[in-house]
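K.L.:
Sequence:
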Amino acid sequence: MKHLKHAYFGELNTEGLDDYDVLWEENIPYKNGNIIVFFWFCGEDDLSIERLDSFEKFLKDFDAVDEKARKALKVYLEEEPEYMNFHAEELENIPENVDDFVAEMQIETIGLWYSVYEGSIGEVVIDYMIRPEESDEILAVKYDLNGEIRAIDWES
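For reference, each letter of the sequence shown is one residue, going 1 to 156 in this note's numbering.
In short, the hints are calculated from the structure, not lab data.
Don't take every hint at face value.
[To be verified] Heads up, simulated BS3-like pairs for lysine-lysine below, C-alpha to C-alpha not over 30 Å straight-line:
1. 71 <-> 60
2. 74 <-> 57
3. 2 <-> 68
4. 31 <-> 2
5. 60 <-> 142
From just these sequences and the hints, can you work out the full model?
P.N.:
Written as structure tokens, this is what we have:
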């Protein structure tokens, strides 16, 4: 389906898309600010209401998603402290313990990946950053649409 109207995402038109591109973009309110959500789509695929409904549910349940991600980030940083160590060296007044560090991390973007190419991990990617105005380093928490965390990757 090249045209589809969805209750949450609105009117979607994939005509003219050949490769991956942002099909829908929105600032969604969350806690004391907004998060930019990008809906990535490959023109070779067909839209389906069911898959869009899964993305909508994911976003509507985002409090629980964020809480789960932050717990996973704590475990990740306890096992692999390089991200924290890097920021402790590069920036001033960075929290020294994992709990405070993760609490200070901000969500920059959420990427909804409609088409998952073979070998990719994560249909929803949430980019967490510490002091994004000072550092471009990201911890990307990658979820599947069943709400399971598939990976946490340090990206830039």
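K.L.:
Which hint numbers doesn't this structure obey?
P.N.:
Checked against the structure, the hints that fail are numbers 3 and 4, while the rest are satisfied.
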